[in-house]
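Participant: Now for the letters of each chain:
Number of protein chains: 2
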Amino acid sequence: MIKVSVMYPNKPGARFDHDYYRDKHMPLVKARLGEACKTYTVDKGLAGGAPGAPATYVAMGHLYFDSADAFASAFGPHAQEILADIPNYTNTQPTIQISDVKA
Amino acid sequence: MIKVSVMYPNKPGARFDHDYYRDKHMPLVKARLGEACKTYTVDKGLAGGAPGAPATYVAMGHLYFDSADAFASAFGPHAQEILADIPNYTNTQPTIQISDVKA
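So the protein lines, in turn, are chains S and X. The numbering of the first sequence is numbering that gives the first Met the number 0, which starts it at 0 and goes up by one. The numbering of the second sequence is numbering that gives the first Met the number 0, which starts it at 0 and goes up by one.
Hint data in this document are derived by calculation from the structure and do not stem from the laboratory. There could be a bad hint or two in this list.
No copy is singled out in the list; a pair is fine if it fits within one copy or between any two copies.
To be verified - Pairs of lysine-lysine residues, derived as DSS-like cross-links and limited to a Cα-Cα distance of at most 30 Å, are as follows:
| # | residue 1 | residue 2 |
| --- | --- | --- |
| 1 | K10 | K43 |
| 2 | K29 | K101 |
| 3 | K10 | K23 |
Quick caveat: nothing in here was measured; it's all calculated off a predicted structure.
Throw the hints in and build the complete structure from the sequences for me.
Facilitator: Here is the structure:
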């Protein structure tokens, strides 16, 4: 299983509508990716590791697929529509990472 | 539910023993934190979002607790032992984030 992590940096001036992200954007993504996307999770950044430190990411979404190819095949045809929705909830540019889920 | 994400940057010269991390370090953490740690996951970074881009993090661990206080109470007494094990699998300094799991 692989995980696609979409991580939104917590920079000064960052705007992020957590409700829109959870209630509109991620359901849209799941609907378009269909069964290829096994499940997903949504995080709201609370704090960093050191006392009083801010979270590195204001929010993160993690989506699970059987393989990187399964993700690419499912995402490609809908990339334009999904990416066009991002300004509706944030002015930040996400960092994206694909990971192998080892445990 | 909150999630503690421990993210190891993928920098030039980064050393990371994924097997030790999954088979030794994380089980040690779980054993010390006990029931306060509901579950955990381990990721191995494969790639970034752009074609050919490296993963931002060489590895990530995510641990789940009822609250940030539950994490702090469970981690504090064992922090020294847990942190002392880090050089056994990596020469990198992790970025830590606490998130609220919204979905």
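Participant: All the hints need checking, so say for each whether the structure fits it.
Facilitator: Checked hints:
| no. | hint | verdict |
| --- | --- | --- |
| 1 | K10 x K43 | both (14 Å within a copy, 26 Å between copies) |
| 2 | K29 x K101 | both (23 Å within a copy, 16 Å between copies) |
| 3 | K10 x K23 | within (23 Å within a copy, 35 Å between copies) |
Violated hints for the displayed structure: none, as all numbered hints are satisfied.
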